[in-house]
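Chemist: If you read the protein sequences in the order shown, they are chains A and B.
Position 439 of the first sequence, counted from 1, bears residue number 853 in this note's numbering, the numbering being contiguous throughout.
Position 255 of the second sequence, counted from 1, bears residue number 258 in this note's numbering, the numbering being contiguous throughout.
Calculated from the structure, these hints are not laboratory results.
Where hints are given, some of them may not hold.
Claimed, not checked - Below are the EDC-like pairs computed for lysine to aspartate or glutamate, each with C-alpha atoms no more than 20 Å apart in a straight line:
1) A/Lys964 / B/Asp29
2) A/Lys964 / B/Asp76
3) A/Lys701 / A/Asp691
Predicted model only: the values in this text are computed from it and were never measured.
Next come the chains, spelled out residue by residue.
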Amino acid sequence: MLTQIITFLIFVAVIGCILYGRRLIKTEKVDAVFGNPERALGGTHWVIVGSSFLLLIWLYYSWDIAKGFYPKSANELCQVAKVNDSLLGLKYQFPIEEREFKSTSQIKKENKNLNLILNEIQASQEIDNQQKTVLVGFINKTSQLIPLLTNEDLIENETKQKINDITGKINLLTENFQKPDYPFETEQELNERLKAVSEEGGWGIVKVQSGTGSIENTMEVPLIPATDRGLKFHTAAQELNLISDEFFKLRNHNPQFKNQIKQLKDDIKSYRKDLSDSEEVASTYAKNIVKIARRIEFASIYPPNALNKMQNAIIKFDNAQIKAQGGLRFIDILLFPAGTIVASGPSCSEQGSGRWLPKPSDTFNKFILMSKPSVGYKDIPLLWIDMVDVSKMIGFILPDWIADILPGEYPVHTKDGIVKENFKGNVLKVVTGDFKLFKVPVPYGHIWDSFLRVFLGLVFGIIIGVPLGLFMGLNRFAKGFFDPLIELYRPVPPLAWAPLIISVLGIDNTGKVFLLFMVSLSIMIISARAGASGTQLSKIHAAHSLGASKRQILRHVIFPNSLPEILTGIRVAVGMCWGTLVAAEFLAGTTGIGFVENVAKKYFQYEVIWITIFIMGMLGLLFDITLRKIIDKTIPWRGKG
Amino acid sequence: MSDLISQNLNMIFKTPKGETVHALKDLNFTLKKGELLTVLGPSGCGKTTLLNITAGFIRPTSGVITLNNKEIDGPGVERGMVFQQGALFEWLTVAENVNFGLRMKKEDPIQTAKKVDEWLEIVGLQGFGNTPTYQLSGGMQQRVALARCLINDPDLILMDEPLGALDALTREKMQSLVLKIWKETGKTIILITHSVEEALLLGERLYVMAPRPGRIHKEYNLPFASMGLKEDLREIKKNKDFSAKREEILEMIWNMEEEIMGKDI
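With the rest of the complex left out, here is chain B:
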């Protein structure tokens, strides 16, 4: 029973102007161990709020969210997080960034160094251990972020648009890497994204969220992630099923946007 279970999760913010924003309303879902969930939705639908609650950075207004039957009430090592960008410690080298968690736990330095080498190899950064992070490209930085999160061996990995700031080519490589890591480690992953394609490609399950109040609009179970483990990702994109799903979801999001912004002429 190492599931992530959310029960009637509500989050209400107060803006500085005094308005209340219902960021999440009555969110109920269960995520089984080893599942890869992608969350998609227009901006302002509460994706990041959901992630922050799951990570324990903020507390929900009401409702309970549990991981392994334990209520989440603060940040913890069992839930690792990968951010969009800028979350690396640029005053440290790649290796120091990666071993940050272990160093904070004061683990044996020799063991730690070994683990760092292993993980750098997995994310494809062998030999970069002593490079300062500010000298790395965007894609490499995200690889470091992945390794830094994974070395702590978390039960759940939360990814907040980790590939959002990367160029198309690097992005595709990184998508394969995420799938590879998911397969090899069998971790539960929640990945938030803006890109419909990415959500379809990576998500074993997909939630499309709707704004005002933030809620799960539609849920999909998708075959593409398991296909991606064997096939080339570009081949999957040519798949008819894939295109149909993509159009369907795009339509859905367009409608949501129109609801908010008013219809463009």
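Just chain A, with the same shape it has in the complex:
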């Protein structure tokens, strides 16, 4: 329903904006020549058109429009696909969708193979003339097998009868198929089928297994025919399967052919037995000839006109089923772009853009579902708040040895099994956080974990990198001493460090924060250094002659002067850290947005993958906008000095 409304609104918006834009062009006075950037200003209506188009393309190519307007089309197309799948083998025997008869192409292929072997044998240096004669004899005999199959006079009556049977069955199916009440379903069958349909659910429904907290894959395409038209195709497909099986069991082997091939096989077998070990080449050729003979044996090769009636019957059925599809065909062509529903065996699936491009409606539903703290992903919410006692934080911050260094001993239990606390024991309780204070909300979840890692890595990088960078920009010793260290690790792509750091420091936060620290450190050092060494000499001179001390110059002149570079560095570092983090979470970990995407990838949960991509984009954008705001606030003089 929502999809329909949105689609409608998009069309209205696009048309409205285009009309508005055209009117604007007509009424606007020409105040800027071509090339004047003023001509690119404004244009909110084109923004609407642009985003509408993006959304429309998403809706269209994810087949969400099809789902919104024709929710049952996928189920029906699945039944049609089943028919096509069953018909496929039979159709391939004839020049219906192929260029030539299957028999013709098989004969062409095997003749070509025989010729190849013949040429090879005749050109071979390793076998003598006598053996060449024998092998050429085998080849001739093999090629003589083909006319035995294609001769109309030789085909057995039994085979002819069976072909007629199959043709009759197809014709009967066609006849029945065209009847409106086919497949003559009883009341009870109907009820059972409808019950199964409702249990199976609709196209792209999200199922949640209650209790486990995990999200199942969306049902791609419901299999059980939900409509009468669908049932028709479903039943026809089942019957076609039987017919097709019957046909492919059939062999056009008349007695002459059977004798000939048996003799050929025996001859080659005895010939190979008599060959010595040194004549392996000849033996291999003989083996290859037998292989071709066997392929001829099992290919469904028939005389040219033997299957004409059957071909007509198949074409007739095909036309009938295309006709029965009716409007469904146009839905398939128009609303299932870049692919369609495909059946293989009993199951149906989306093949094409609808498969990897999740439907906006499904994605939205799944996102809402995943946002619920009780669902989340892998039992961890995306972002939620946990009430944590302040004592836990105090216990985390205070080191435990505070209690150890106090005089006295820890309490020992008495003979009655009672432990009486003393002062030292009580202090231990405080420093380990084993007491109750009051609870404060603390965020947690995948998004928070990723955010915290970036934040911590960045903060450590800034705290260490900025002073070090300033120092390196001002002091020869610092520059010389630290430069080799920085230049040694900086050019290495951060992800190259990831496996090492993760194996040394663990897959949890420590490793990732350290990795991000490394990323941000080098960027912060380089930008702070550039800022420090880029301070105009006249400013330094002015500060000197105003009586500022070294420390004051650093604090009041060099630091504020480097601030633009430092802040730009932070902006770059955030981007780099964000990219590195997600990749590091791919490598190993148990939480984080990258981890979610990595797991979703393993289970082909395209919706979840797109949701994570979206979340990452939004968070990246959020970081950047925040930093841009900070930069505008803190260094308004940038570029104006």
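Dock chain B against the given chain A, drawing on the hints supplied.
Modeler: Coordinates of chain B only, in the frame set by chain A:
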């Protein structure tokens, strides 16, 4: 004896290519308290080097320069400096720039604020205290620079082409301001300039320097600065004496340039 005395001042630079440049050679001069000296010369004659040595930013290769009988061996508050441009701290407001020196000395903030107001009034910037400096025009920025230097009450003020980047009109106003401040405070001032007119107008004394090696080519004692205190500066420019001096010095500088660059056809 609060004079600036230079004795056999020599400055030799080494360029990255390994050539030696004799920026100053055997510079001897004495500047009495309260004198306004302008230094003029073609580019590369060591004007700025002289100023930087006087300010204490660089050390001379040989020779001694003393202020109040004390050898100059580093930057100090008693020698204030005004730069051409870009030396203001653009992250601070006008008042914060002006009180920078006093803040660094951790003087009483109330006293400081009073002084800042006084000086802003003298340089004609009353009411601009809270304006960020990057919003000021070039002339106003130089006024701030002047106030920032003067609030420290230095014995000697060094000006390195302070009006070089200003437009003609603002420049004339600023020249009057410099003269006014010189008269009111009685400070010793060294002012470096590219403009012959400015050097003649402002200089009680004028050194024309010559390049390669940098040296004082000619020395003048001029009446125009004291005239400028009473008269309109434009009137002085019409003075015959003034024009004659200007032509003489221009000729001199032209000759120097030709010596260096070769004669243009």
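Chemist: Now tell me if each hint is right for this structure.
Modeler: How the hints compare with the structure:
Taking the CA atoms of A/Lys964 and B/Asp29, the gap is near 33 Å; set against the 20 Å cutoff, the hint is violated. A hinted pair counts as satisfied when its Cα atoms are at most 20 Å apart, and A/Lys964 with B/Asp76 qualifies at roughly 16 Å. With a C-alpha separation of about 15 Å, the suggested pair A/Lys701 and A/Asp691 falls inside the 20 Å cut-off, and the hint holds.
Consistency note: the structure conflicts with earlier hint 1 alone.
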